[in-house]
Amino acid sequence: MKLAAENLSAGYPGRRRPALDRVTLEVPTGSFTAVLGPNGSGKSTLLRALLGVMAPSAGRATVDGTDARAWNRRELARLVGVVSQNEATAFPVTARELVAMGRYPHQGPLRAERPHDRRVIQRALKRCDVTELAARRVTTLSGGELQRVRIARALAQEPRVLALDEPTASLDISHKMTIVGLLRRWADRGMTVLLITHQLNLAARFADRVVLLHRGRVAAQGPPRKVLREEVMESVYRWPLHVDCDPVVGAPRVVPLDPPPGRPG
Amino acid sequence: MGLPLSLLGSVAAVVLASCAQAGTPGEVIDVFPDSGVTVADWSGSTLRFTEPPKRVVSLVPAVTSMLVSLGAGNDLAGRTDFDTISAVLALPSVGDGLRPSLEHLLILEPDLVIRYEGPQDPSTGPALDARDIPHMGVRTDRIEDVAAILVQLGRIMGREAQAGELVERFEVELEEVRQRVAKRPAVRAAYLLPGDPPWVVGSDTYLGEILEIAGAENVFGDLGRPYAPVSIEGILMRAPDAFVVAEGTAVDERFRAHAPVYQVSRGIETPGLTLGTSARELARALHPGALP
Amino acid sequence: MSPAGGRQWTAVLLLGVAVVASVLTAVRFGSVPLSSAQVLGALSGTGDPIHREIVVQLRLPRALLAVVVGGGLALAGATLQALLRNPLAEPYILGISGGAAAAAVLTLGLGLVAAGSWVLPAAAFVGALVAIALVFGVATAVDHSLDVRVLLLAGVVVGTFFTGVIALVLALSDAPAVRGAMLWMMGSLGGAQWRTVLVGATYTLPAGLVLIALARSLDLMAIGEETASFLGTDVERVKRTALGVASLVTAAGVGMAGVIGFVGLIVPHAVRLSVGSAHRKLLPLSFLAGAVFLVLADLIARVALAPTEIPIGVVTAFVGVPLFLLLLRRSHQ
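Residue numbers (this note's numbering), protein chains in the order written: chain A, 1 to 265; chain B, 1 to 292; chain C, 1 to 333.
Calculated from the structure, these hints are not laboratory results. From the three backbone atoms N, C-alpha and C, an ideal C-beta is built for every residue, glycine too. A hint or two may mislead.
What the hints assert, rightly or not - One side only, chain C facing chain B, incomplete, derived with CB under 7 Å:
id, residue
1, Leu58
2, Leu60
3, Ala175
4, Asp234
Said to hold, decoys possible - Chain C regions said to be covered by chain A (calculated; three or more residues, Cβ under 8 Å):
id, segment
5, 84-96
6, 265-278
Excised from the complex, chain A in its bound form (with noise of 0.2 Å):
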């Protein structure tokens, strides 16, 4: 399944410059695709208007070669998990309870968990490391443990897209890699994947395809070796960059500098 968007547009009330302006791009079925772009680029943005739940202003999303607006939700939610950057946690929920929500669009308004439910629900815990913090509620876990249980609920969907906004902020080095490496195990398989995030050398080391976003506009896109360049990363970030490639990895890596003298650090 992939998802696409043609000149899409799309800004909030009060606002003149457009958060989205004339997004094209592509997410393959089966990539890993990461988007890139600094604070207010319109990242998270992209992500709504791309899943429909925000309407675009111009040009359109279609996720499997269908208008995404026009989508029902509950089916929609059937076939794409999202791990979005908004969440309350006014009440204590266990993180079992949250994890089984993945399931509510399989099961509608009505039916109870079935045994294939908990398998799936077992599973995605485990494969998340998080089977051991399942009766707690979530009001008590750290933010590492949060994001990887609301990680367990977008698998719970059994999605064949699934889309994260920002999921490694919180995560130590060995949550984030393990994360990482799930995803880019499950782009493998066939699932698409679409990762938004700052951390530019993990994208350029585990995505096939980078967006690098500018201002709500599409500044690159393509393979992490032709996205991540000096001269367009530099103009992006609005900082002194340098871009080699990791001798260990293989994958570009981008090194901050230190700023020019007379501009304030």
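Go by the hints and put chains B and C onto chain A.
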């Protein structure tokens, strides 16, 4: 129009009479005096008694006292927590007079309930209606209401003579106070009720009437409403020479600086036969030496 | 049946039995002391007609109204807490109590209650509906997608407006009307009749079924509208349906029993502390727990100082607060 005027007049009289079936509050409607008493209560409903009720529950303390004064104390089946006169304290209580316990009312099997008529108790009347318990709603907005209730009770309980005596004594008592202070210049007074800002007594109220009888001029007699909250400024603007309150009412210090505050026993705010005493007490305060 | 599911049904069963037991207790005891034999006689239709009247026409409808109103308020509270993602939300938060109270005070002030015992409840219900319409109107005008933060603010603002209306009406009416209005605003189940129970049940029971059918959507709404949408919820539809239904239940409750606080706020929390936050369990159990709580609170209100009845708000606060603190402490040990 060839109809003679006298005929028109008699048509009008018939129409009026049929209207009166609905009842003017406080009216005693005697169609056939020998076969019972029909009265109109203050809600406009009519009640008919073929014989005096034997199990009366009065939710209004002033009416309870009237019944006792009429000598009908033995016909009372219960009382409320509001009642203070010792003659009825031994009777079972039905609780708050404005929100009586229906269970207690029912168990007393009353053949007449006398209740407050008005928005302070919107539910007792309908609840009694639903159970076919005769009830009479009374209001004591004016002094004449007190007399009218007494006359009605006298007829209902078959104690007309006693009622007549009591009414006369009541009216004589008030008249005596009025005569004693009539020669003296009226004191410009404001009657204050609790509240912030305080509520004042206005026109068409028994409290306003008592003020007048006791030789005062109600500075809010032209208010156009019985009671209303008035700002301190608005009260001081009228420059009263005296403030009158019931005992226990909190009075803003600023009033004291302006004019004397006279306290009257609390009984003045439960209108009934004791209004004569209240008028006397007030007159003594406002016009020292006028009454023995 | 999974162990969790099994526990849930056990809890429903236990609380269901508790509802029946509390209703029976409320019928057995009242401000007039009756013996068990007298109560049984009244229920079987044989006893003294006065006892029958007390038991069948006063106590039973009153206990059942407490079930409907208490259950309804707890249900509405749980729903609003999830939708607004605010643990402090209670059924009256969207200005409903203000609208109802203003209408009731207006009816009393204008002397319209004389027309019949149905006038005051009907006016309060209409007032609540007007308040809801105003709140939704204001919120939709500001933000078409019904932002819950805007909704909360609109609720507070509309509530404040109605407080002003109440103050104005009270200032312009006579002292007796003020007294009647004050008593009414404290809330009471004293107006219970079979007819009231029937009306209340027609609102509350279908509403309960609708909300329970939305339980999974409410689970998702409680963690965020965007996530709910990504997990297959039609957010706008769920929000409008659930808010509308919860408001309607609250409005019906206000009409029948005035403003009874505490139940809608605390009962859902108490249930969450015991069985967690999944609405499949939370909603039915909140209904049952709210019902038991209000039936018993009303019983205490009637019996404690009989024949004088204490306002039910006094009982819910004096009994409910220590009970809740106890539960809170136990859940944190």
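Status of the hints after comparison with the structure:
Residue-level restraint check for leucine 58/C holds (minimum Cβ-Cβ distance to chain B is 6 Å; threshold 7 Å). About 12 Å separates the beta-carbon of leucine 60/C from the nearest beta-carbon of chain B, more than 7 Å, and the hint is not met. Annotation: alanine 175/C was flagged as interfacial toward chain B, and the flag holds, the nearest CB pair being 5 Å apart, inside 7 Å. Hint status for aspartate 234/C relative to chain B: violated, with the closest Cβ pair at about 44 Å, above 7 Å.
Counting residues of the segment 84-96 of chain C whose beta-carbon sits less than 8 Å from any beta-carbon of chain A gives 3, enough to reach three: the coverage restraint holds. Look at the segment 265-278 of chain C against chain A: 4 of its residues bring a Cβ nearer than 8 Å to a Cβ of that chain, three or more, so the hint holds.
The structure does not agree with the numbered hints 2, 4 stated previously, though it agrees with the rest.
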